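Colleague: Chain by chain, the residues run as shown.
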Amino acid sequence: MKCEICDRESGEGEFCIAHSRTYIKVVEGYEIWKKGLRITWEDYLRRIRDNSLTGKWAKEVAEYLIDKGEEENVEKS
Amino acid sequence: MKQKSAVSELEDRTLIITEKPDAAARIANALDENGKPRKATDSGVPFYIARRGGEIVIVPALGHLYTVGSLEKDRKSYPIFEYKWIPLCEAERNAKRIHAWIATISKLAENAEIFIDACDYDVEGSIVSYNALKFACGEKQNSAKRMKFSTLTKHEIENAYLDKKPTLDFSLIDAGLARHEVDWLYGVNLSRALTAAVKRNSGAYTTISAGRVQGPTLRFIAGREKTILGFVPTPFWFIRTVVELGDAILEVEHEKKTFNVKEEAERVVKSCEGKRGRVEAIENSEFTLAPPPPFDLGSLQSEGYKLFGFTPIQTSKIAQRLYLDALISYPRTSSQKLPPAIGYRAILKNLLKDPEHEEFAASLLDKPALKPQEGKGEDTAHPAIYPSGNLPERTHGKAERKIWNLVVRKFMASFGDHATSSNTEATIEVEGNRFHATGVKTVNEGWIRYYKPYISSFTKFLPPMKETEVVKVRRMEVEERFTRPPPRYNPSTILKKMQKEGIGTKATRAGIVQTLYDRKFIRERNIEVTELGLEVVDVLVTNCPAVTSPRLTRILEEKMTRIQNGKTTREEVVRGVIETLRPIMENLKDNEQEIGKQLSQALGKARLKDRAIGSCPTCKTGRLLIVRSKKTGKRFLGCTQYFEGNCRTSFPLPQQGLVRSSGLCRLCGWSKIRILRKGKLPWNICFNPRCPGKKKEGFK
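Heads up: the protein sequence lines correspond to chains A and B, in order. Following our numbering, the numbering of the first sequence begins with 1 at its first residue and continues without gaps. Following our numbering, the numbering of the second sequence begins with 1 at its first residue and continues without gaps.
These are calculated hints, taken from the structure and not from any lab test. Since the model is a prediction, treat every value here as computed from it, not as a measurement. Please note that the accuracy of each hint is not assured.
[Said to hold, decoys possible] With a straight-line Cα cutoff of 20 Å, these simulated PhoX-like cross-link-like pairs (lysine-lysine) come out: (1) B:226 <-> A:56; (2) B:262 <-> A:35; (3) A:2 <-> B:597; (4) A:2 <-> B:605; (5) A:35 <-> B:257; (6) B:256 <-> A:35; (7) B:441 <-> B:466; (8) B:226 <-> A:59; (9) B:262 <-> A:34; (10) A:56 <-> B:605.
Same shape as in the complex, but just chain B (with noise of 0.2 Å):
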C-alpha cells in the first residue's frame, strides 16, 4: 500500500527512464539537489524522485521489455512473416516480471508532463526507451527529449539533463528496429523448419536453432573444422646450431631457416660441425613503436582474454559493471579516439589520489601537450572507452579491479611517447654457409612505460662482438617437425573474424558465439565444431546457401546503415528480407525429410557420445554409456555389447548431478567421471573399484 501512494502522491513531474536500475541511481544522486533522491518501489520495481526545481522521477527499464512475436499462436507452424511487438513476458517464460516492471512505468507516467530518454546512447538502448515510451508511456515516443552521455559521472550527468537534444534519433531507432525484425523473421524460420524437419523424422522434439548471423559464424568455424579434421601434416628440417664466440654461448640460426629434404639439412651439419668461422657482418638498426590506440569494445575484449582468459562475454559484463560504478566511460563502442572534450588533465589528477596510478600520471601531467594516439575505430555515439578519473568507492573483485586497471594503463599507454629499440643482426660465415643472431636492446621505453604489466619485453641479448672474430661451431644437431593445422578459433579470435567479416555487431556477437554453445553445436575453449553442428552448416550449405554466407549478412548491415543515414526506410529493408526469405522457406519445406534424416542422424550421435563415457575395461571393444534401468529407474555405466550379449559388465553411478567423462585415471588408467552439481565443486570418479586411488580418496 505504501508503495502505491509513492506512485499516486506524484503530479505535473518529468519522468526519465533508464536502461538498467544502477543506471538510474546514478542519475538521481547526479541530478538531486541534495545529493539524497527518495528511493521508492512500486510491485518491486525501485524508482528514484529527485528534487530539482521540481520534481524529477527516474525510472528503470530491466534492459529490452518488448521484444519481436509472432501475431499467430501456432509456434511450430512456417514460414511466418507477419509480427508486431510485444511484451518480453509474453514471449519468454522466464521474464515474467517484466510485467510488473512495464505497469509501474505506465503508472508514473500517468502525471507526467515531460519525458526524457536517459537509457544508454547506442542502438539497443534507444530502442529499450523507444519502445518503453510508446507502449508503456502511451505514444510518448515523439515529444521525448534525449540525453546524451558517456560516463556516469556527475558532471556528465547534469551536462546532458541541461543540454538535453530535443527529439529521440529517430533513424538509429529504425535501424535497431528493423534490425530485430530481420533478425526474428531469420531466426524463426530457419528455426522452425529445422526443428520440424527432426520432429518429423524422429518423432522427437528438439530445438535446432538457426540466424541470419548464427549461420555464416556457425559456416566458418566449420570451415575451421573441417580443414583441421582434414589436415595431413608434411614434415620439414631445422637446425639447432649453437656457436662459441669468445666466452661467450650463442645460438645462431641458418639462413636457408628450414629445410623441405633431410638430406640437404645433414649436409649442411656434416660440412660445418666442429669447424671454425668468422664473423663477417654486423648491422645496427633502429625502430620505434608507437603508442597503442585507447581501448574500443573488440580490443578490450580481445585484451582480456590474452591476460586474463576472460571470455568476451565476461569481460563485456565487468566492463558494463565498471560503467555503472562511473569508474569507466560507455564500454560498448567502436571508437579507438579519445576527443579532447573528455578533459584529459582532469582525468589525470584524479587518478593522481590513486597509490597504484600516481606516479604514472604525474609523469604525463608533466608533459607540455596531451595528445593521444587514437586508431581507426569510428563511433559517432560514444568515445574509445577511458576512466572517468573516478576512483573506486567500494570494494571490486580481483576481476573488475583487473579490467579497471587495463583501461587506466591503456589510457595512459595512448598519451606516451615512441618507445625506441636497437637491433643487432650478426652475420656468421661457416663453410660457405650462413648464420644469422639478432639482439634487440630497449633505448626509450616511452609508452611502454606506463603499459608494462601487460606487454612482454622485446630485449634479446646479443654478446658483444667484431667483424672477423673467430667463431667456432660448439654443437649442431638436425631437428625434424611438422607443418601445423590452422589453429582454432578461441572466444576471442571468432570475435575479430566477425568483426573482420562485418558480421553482428559489437553487442550482439559474444551472445551469438555463446548460442552456438548453447545449441551445442561447439564446445570447449578452444573452439571445436560437433557432429551435429557440421550437419547442421551442410544442411545449411545444401539447402539455403544464402543464409550462411557473410555476403547477405554484410549487404544488410549496410542496408541498416542506410536507414540510419535515412536512404531507405525500415518498412523497405523487412519487405526486401521477406521476399528474400519465402523461396528458401519453400525449399526447406521440400526437403524436410531429407533434412530431418540428416539431422536426426547427427542429433543420435551427438546424444551417443554425451552418453559416452569411454571403453570398456573388460571386453575392450563396447563402449560405456550411461543408462537408465526400466525397472529401477536408476542410471548405470553398462557396456554397448551387453545388447548383442557379449559383455555384461556395469558399475553403479551417482544418482545426481552432471555425468560427464573426465580422461583416463592416472593411478589406473580406466576412465573416470566427473559428476556436476549445482552450487558444488566437480566430483572426479575413478569407477574402478580396485583403483590403487580409492582407499586415498575415501571412495566406496
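Chain A with its partners taken away, still in its complex shape (with noise of 0.2 Å):
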C-alpha cells in the first residue's frame, strides 16, 4: 500500500514508517496539551499544523487528520 500522505510505501498499514512515528508523536503530544490547555482534539490539530516550530511531517499529520475529521486517539499502523 501507499502512505496516505506521502506516496511512500506503507506496508499493510496506512502511513510509511515516518508518518506512522511521526503520528504516534502527535497523539502523545495532545495529552501535554489536553493537560495544560483543556483544549479539544480539533483544536490541538489546528494549533500544532499552525505553529511555525512543528516539524514538516508533523504538520503533515495533522493537516490529513483534520481533512479527514478523524476523532481522537484512533491506533494505526
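Using the hints, build the complex out of the two chains.
Modeller: What follows is the structure in C-alpha cells.
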C-alpha cells in the first residue's frame, strides 16, 4: 500500500514509517496540550498545524487528520 | 632551457622535500648562510638552492602527489579490492600539473646524496614525503632523515635541520597509508554500488557517493533532521514579574520557573498581582573562572565560527596561511598544551613590539612565573596553537588579522589569573509564592582582561537591598511558550559531534562535511538534510547498516592507533576491511534494483525542487519550473499545470547564470529569483512584469 500522505510504501498500514512514527508523536503530544490547556483534539490539530515550531511531517499528519475529520486517538499501524 | 641547466648544474647535494611551496621558501631562507637562497624553476615547478657548507636543494610537493587507485581500468564495476598507489594526475582530471611536479622532484633526486623529509610533522605530511621519496626519488624512503618543527621561524628550522631524526616515522606512515587505503576501499565500492543502482533504474549517470566516514556523519545529521521533521511542540507557561524595590524596578523569576498547566500560572498571577511582599533572604557567594586552555584546531574552528562566522574550512585555511607566514605554530593539532620549550617569555617579548598587544604582553612579563592553563587534548607531534612571536611582515587581510589576534589573545589569556565574580541571590516572598533575583559582579578580571574582545560580560546589576525590605508587585503577566525542536547542526557543532563520536581526523572532518554539501545531501549553514540525503541514509541503513555505524569507524580508528603503536600491521587491517566489505557489497548487488528505484525517486524530487521557483501567481495551484524550450533551446519559467492543459503562464529568464529561488518580493508578493554568475554579484529579480519595484530597479 501507499502512504496516505506522501505516496511512499506503507506496507499494510495507512502511513509510511516516517508518518506512522510522527502520528504517534502527534497523539502523545495531545495528552500534554489537553492537560495544560483543556483543548479539544480538533483545536489541538489546528494549533500544531499553524505553529511555526511544528516539524514538516507533523504538520502533514495534522493536516491529513483535520481533512479526514478523524476523532481522537485512533489506533494506526 | 635555462631551467634545465639549473637542475643539471647541481651535484652531490642534499635534497629537502617540503609539503607546500611557501614552506620551501621559508626553509630555504632559514637555512641559507646569507638568508638569500637562489630560486629556480623547472617546467614551472619552483625549487630553491641554499648554501650551508654544501649545497642544499629545497623542493616543495603540492600536498599529496600520489593517491590510491584501482588496478583495473574499468571505472564502473564493483566490488573492487585490488589497488595500488598512483600519481594523482592519473586519478584526477584537474591534477595535470602534478605530472611536471613529480618529474622535477625525480630529476633533482638523481644527483642527491642526502634526502630529508621536511613536510608537516603529522600523518598526512609524512605520507606526502614518503610517497615522493619512494616513487619519485627511487626508493629513498629508508635512507631519508626527518626534520621536525612546529613553527616556520628561522630559529626552529635551523634547530630541526641540525637535530634531524635519523629515519622517517614508519609506524605513523603505515597508519596513514592504511587509512587512505581503507577509505578508498569503502568509498569506491559504496559509491559505485549506489551510482550503478541509479543508472540501472533510470538510465542516467549520477554520482552518488558514500564512504566510511561520510555514512555515519550523514546518519546522525539525518537523525536530527527526522526529529525536527516529526517535532510536535508542547506549550508551557512563564510568569513575567516586575517588582518595585524602593526607587528601583526589578524583574524577578517565580521559583517554579515554568508551569505545565496554564490555569496554575494564572492562579499565581491572580493571587500576587498588585500585592506587597518582602525580601526574605539575601545570599552572597563568590565563584572563580579558570583561564581557558590554548587553542587546538577544533576549538579554533569553533571560536572562528562563533565570533566571525568563518566556516571550519575557512578558519583552517587562514590558520594554515598564518603558519606558512611563520606567525603561528602548526595549526593541525589536537594538543591543548604549551611546553616551556616554546619559550613563553621570548614570544611575549616579541609581542611587546605590536602596539595592539604591548600592554597585555608587558603585564604578563611582570609576573614572576609563567604557567599556562592547559586542557586535556594531547598530540604527540605538535603543541597547542600559539603565536610564534613574529609580527606580520606583509599586510594581511582582515580575516587573517582576526584569527592571528584571536590566537595571540587566547595564548595570553591562558597565562592569566583566575577571574573572580560575586553572585548575589535574593529571595522575595509574595502571598506564599517565592521569587528570585540574581546579580553578578566581577571582582577580579584575571584572564578575562586578555580575552575581553571575545567574551561577553558576566555583570548583571542588582539594586542594593536589605532583608525584610518591602517590595510591591508592579506587573505580572502569563506568557505562553513552546518546547523547541533540537537545533540543527552548523559547520561548527557538526565538527564537535564528529570529534565526540571519534569520526574522522582533525585534518579530514571539515572536508567530509563539504563533500556532503557538494553531493547535495545537505544544504544551508544551519544544516538541513535534503530528500536525497535522507534517502541515501535509508538505503545504507537498510542494506548495510554497518557502514553508517559510528562504532565501525571507531573500531577502525583504534586499529590505526594500533598500527601506529606497532601492535598490528597495515596489511592485516586492510585484509580485515576487505573481509567486512565483501558480504556488504554482495548484498548491495542483490538489492540493486530496489535501491536504484528508491534513489532515483529521491533524485527526481531533488531535481524538481532545484528547478521549482515558487507557486504560479495565475492559477495558484501549479508551481513555476525552469523549463527549456525544445524549439529555441532557451530557458523560461513555466507552470506545471501547463501539462494538464490548465495554465499557460510563462515568464522569460536571463539565459546566463544559475537560477535560484529567492523568496517572495516585498513589494508585490510574487516569487523572486536570484541569478548567480561567476565573478559577478548575485542579481535578484522579481518576475512580476508589473511589480512596483521595477521602475526603481530599472528592470524591464
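Colleague: Give a verdict on every hint.
Modeller: For each hint, the structure was consulted:
no.: 1; hint: B:226 <-> A:56; verdict: 10 Å, holds
no.: 2; hint: B:262 <-> A:35; verdict: 9 Å, holds
no.: 3; hint: A:2 <-> B:597; verdict: 15 Å, holds
no.: 4; hint: A:2 <-> B:605; verdict: 17 Å, holds
no.: 5; hint: A:35 <-> B:257; verdict: 18 Å, holds
no.: 6; hint: B:256 <-> A:35; verdict: 18 Å, holds
no.: 7; hint: B:441 <-> B:466; verdict: 18 Å, holds
no.: 8; hint: B:226 <-> A:59; verdict: 13 Å, holds
no.: 9; hint: B:262 <-> A:34; verdict: 11 Å, holds
no.: 10; hint: A:56 <-> B:605; verdict: 16 Å, holds
Violation of the numbered hints given earlier is absent; every hint is satisfied by the structure.
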